[in-house]
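Fit chain B to the given chain A structure using the hints.
Taken in order, these protein sequences are the chains called A and B.
Residues in the first sequence are numbered consecutively from 2, following the numbering used here.
Residues in the second sequence are numbered consecutively from 4, following the numbering used here.
No wet-lab data here; the hints were simulated from the structure.
Here the structure is a predicted model, which means the values were calculated and not measured.
Glycine is no exception: its CB is placed at the ideal position from the N, C-alpha and C atoms.
Some hints could be false.
Heads up, simulated DSS-like pairs for lysine-lysine below, C-alpha to C-alpha not over 25 Å straight-line [what the hints assert, rightly or not]:
id, chain 1, residue 1, chain 2, residue 2
1, A, LYS494, A, LYS422
2, A, LYS118, B, LYS67
3, B, LYS71, A, LYS108
Pulled a few chain B residues facing chain A out of the computed Cβ check, cut under 7 Å [stated by the list, open to error]:
id, residue
4, TYR54
5, LYS133
6, SER157
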Amino acid sequence: MTSLPMLPTIIVDMVGSVIIIVLSFLSLLYAYRLICRQPGNFLWGFLFYFCITLVCFSVSRAVGHLLKQILMISGNEVIWHGLAPYSGGFNTLLMISLAAVSVYYNKGLEAFRAMQKKALSLRHANEQLEVSAGKLQRLNANLEEIVERRTKKLSASEKKFRNFFVNSKDMVYFCDSVDSLTTMNNAGYKMLGYSMEDDPRLKLSDIFHNEGDVEKYFKTLIANGFVEDLEVEFVRADGTVIYVLLSATAVYDEEHNFIGCEGIAKDLTRVRTMMEQLASSEKMASVGQMAAGVAHEINTPLGVILGYAQLMMDDFTPESEEGESLIVIERQAKACRKIVADLLKFSRQSESARENILINEVMEDVLAVTEHSLNMDHIYAQRNLEKDLPSIVGDAEKLRQVFINFVNNAHHAMEKQGGGKLYLSCHYDKENEQIVATVRDTGHGIPEEVKAKIFDPFFTTKPVGKGTGLGLSVSYGIIKDHGGVIEVESPVKGEEGEVQGTAFHVKLPVLSKEAAPVIER
Amino acid sequence: MDCMNSSKKIRLIFPLFFLLVLTVFPVNAWAFQGHGAREGLYVHQLAHVFYAASMGYLFWGIRKSSFKSRGWLFLQAFCFFIILWNVVAFTGHSLASYVDSSFYLSENGYLSTRLPGPFTNVKLLVYFTKLDHLFSIPALLCLYLGMKGLYRSSLEEEEV
Numbered sequence: 002m003t004s005l006p007m008l009p010t011i012i013v014d015m016v017g018s019v020i021i022i023v024l025s026f027l028s029l030l031y032a033y034r035l036i037c038r039q040p041g042n043f044l045w046g047f048l049f050y051f052c053i054t055l056v057c058f059s060v061s062r063a064v065g066h067l068l069k070q071i072l073m074i075s076g077n078e079v080i081w082h083g084l085a086p087y088s089g090g091f092n093t094l095l096m097i098s099l100a101a102v103s104v105y106y107n108k109g110l111e112a113f114r115a116m117q118k119k120a121l122s123l124r125h126a127n128e129q130l131e132v133s134a135g136k137l138q139r140l141n142a143n144l145e146e147i148v149e150r151r152t153k154k155l156s157a158s159e160k161k162f163r164n165f166f167v168n169s170k171d172m173v174y175f176c177d178s179v180d181s182l183t184t185m186n187n188a189g190y191k192m193l194g195y196s197m198e199d200d201p202r203l204k205l206s207d208i209f210h211n212e213g214d215v216e217k218y219f220k221t222l223i224a225n226g227f228v229e230d231l232e233v234e235f236v237r238a239d240g241t242v243i244y245v246l247l248s249a250t251a252v253y254d255e256e257h258n259f260i261g262c263e264g265i266a267k268d269l270t271r272v273r274t275m276m277e278q279l280a281s282s283e284k285m286a287s288v289g290q291m292a293a294g295v296a297h298e299i300n301t302p303l304g305v306i307l308g309y310a311q312l313m314m315d316d317f318t319p320e321s322e323e324g325e326s327l328i329v330i331e332r333q334a335k336a337c338r339k340i341v342a343d344l345l346k347f348s349r350q351s352e353s354a355r356e357n358i359l360i361n362e363v364m365e366d367v368l369a370v371t372e373h374s375l376n377m378d379h380i381y382a383q384r385n386l387e388k389d390l391p392s393i394v395g396d397a398e399k400l401r402q403v404f405i406n407f408v409n410n411a412h413h414a415m416e417k418q419g420g421g422k423l424y425l426s427c428h429y430d431k432e433n434e435q436i437v438a439t440v441r442d443t444g445h446g447i448p449e450e451v452k453a454k455i456f457d458p459f460f461t462t463k464p465v466g467k468g469t470g471l472g473l474s475v476s477y478g479i480i481k482d483h484g485g486v487i488e489v490e491s492p493v494k495g496e497e498g499e500v501q502g503t504a505f506h507v508k509l510p511v512l513s514k515e516a517a518p519v520i521e522r
Numbered sequence: 004m005d006c007m008n009s010s011k012k013i014r015l016i017f018p019l020f021f022l023l024v025l026t027v028f029p030v031n032a033w034a035f036q037g038h039g040a041r042e043g044l045y046v047h048q049l050a051h052v053f054y055a056a057s058m059g060y061l062f063w064g065i066r067k068s069s070f071k072s073r074g075w076l077f078l079q080a081f082c083f084f085i086i087l088w089n090v091v092a093f094t095g096h097s098l099a100s101y102v103d104s105s106f107y108l109s110e111n112g113y114l115s116t117r118l119p120g121p122f123t124n125v126k127l128l129v130y131f132t133k134l135d136h137l138f139s140i141p142a143l144l145c146l147y148l149g150m151k152g153l154y155r156s157s158l159e160e161e162e163v
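Same shape as in the complex, but just chain A (with noise of 0.2 Å):
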């Protein structure tokens, strides 16, 4: 090939100017449509103005290319000449407008980005100030009703928490940092026998027991914020000491210094006083166990004793001192054979009868065969028999033997003092179904200390030879086994207070007519 034709760049130059309008238009025509869509978008912004701009570049110089070629067909080279520096002139000042178009791109960008920002926090922060104003218009709206609600629920609340307080049965307290009691419910003022009219001013000191609780009481509290479960004794009003379980919790200011506490004490004295029957009962229980096992192993060889006594005695004369010694032997065997018998009593070992009994009529007979004898040291009975009582099952002779018993301390209790009152009731318990049968004397009383020894075997105030020692241990053992219980109250509690002397009750159950059981002896 010696010569390149220069036709496919004229083809060329002219096609492709042609299509560089057109595209250039259609792109224009986009750029609209978006801005159109989006006035307020500068990235349409720019486009629409760089597609302005590309359409007057575009047209000039295709424009001039087509004119070029046009010219130079038609031979009119001449007149291209002429016109070829306007054409280059346009193109350059367009493609320099085009340049500068472009540079503004970035830094345009950046600031719509930074408005756009600010216009989306503005937004965001007009959003929240309507929601606000919303809260606010609706809280102005409602707030009436919604203090009411409030307040009644308060009042609900006051309200549950004040009955709580005021109704508890146990004590429940406030004490300020220097252990002075500052609110206490009324069961806390009734539990130390303090009325709460009289608005005692009282310390915890006050009515710990004893003083080192006090200090354990704090020094807990102070440690570890609570007290949990604490056992300390309360001095009462009258001086009476009771037992209490203690829960308390310290109280705190703001900035966490000790200013006082609260807690609830528990009552817990009749709980231990059971706790102790229930301890006693075993002793007892054990005891009488003890008691069976030795009296079954005397029994035999103290009857041996006695018949070869009896039998001895056949061969020698009373008056002779032989005769003398067997009735002595004869009188300490049957002694002793009593004292067996009373423990195997005791011991529940002994047999007994069952049958249906009118408590009333025990009673009667025991003040039957004790009445004269009472009379005669200027004791005088006084009898509150319930009519119409249920009847019991048991043994008659046995619960005589219980009462005769009562009668008897009773008896001896009064006699020192010259006389006195003895006073026998019986009433029906309906609320556990049981008859309370009591005994009481205006005696000098039971001491503490002996209170809890009184139904032990072999223990006796009495002198040595005046008592075995049998006598209420053997009642208890047929209380219990008649299914009872034996209470003993010293000195004794009344509607006026407390009335020297000891009363004895005795519970026994009554049973249910379908379950009656039949007489048997």
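Using the frame of chain A, we list chain B on its own:
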């Protein structure tokens, strides 16, 4: 009063006359400087450089903006092709000094113009630069597709 009016008229006419003289005989005016033909070429070449640089800047700007849609990718392609086109055009203009009446052979009119051998690099390069539309058309096509893509994305965004 008449003296005053004629003085004002003279003062108004003089500058107009001076302006007319300067306009009719510009070569004699000392304030003007003459420009040769090459100056226009240099300005045009500088405009190509400026245009290419601005397209590079726009390309970088779009990349920095992290716009990932199809439309923006086409716009980047547009920038790329325009830069190439500017290089080709710049080269073409630079080679103009080598082109004179003997460069082409035209016996039967303009359409039959040929580039005679032997084919030096300059000749081939001049021939190639005459085909600069091979770069400008893809550039404009990319711009068109880019604008269309952005418009469609805008429509889709609104639908969502």
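These are the hints, each one checked on the structure:
no.: 1; hint: A/LYS494 x A/LYS422; result: 16 Å, holds
no.: 2; hint: A/LYS118 x B/LYS67; result: 18 Å, holds
no.: 3; hint: B/LYS71 x A/LYS108; result: 20 Å, holds
no.: 4; hint: TYR54; result: 5 Å, holds
no.: 5; hint: LYS133; result: 4 Å, holds
no.: 6; hint: SER157; result: 6 Å, holds
This entry satisfies every hint, going by the numbered hints stated previously.
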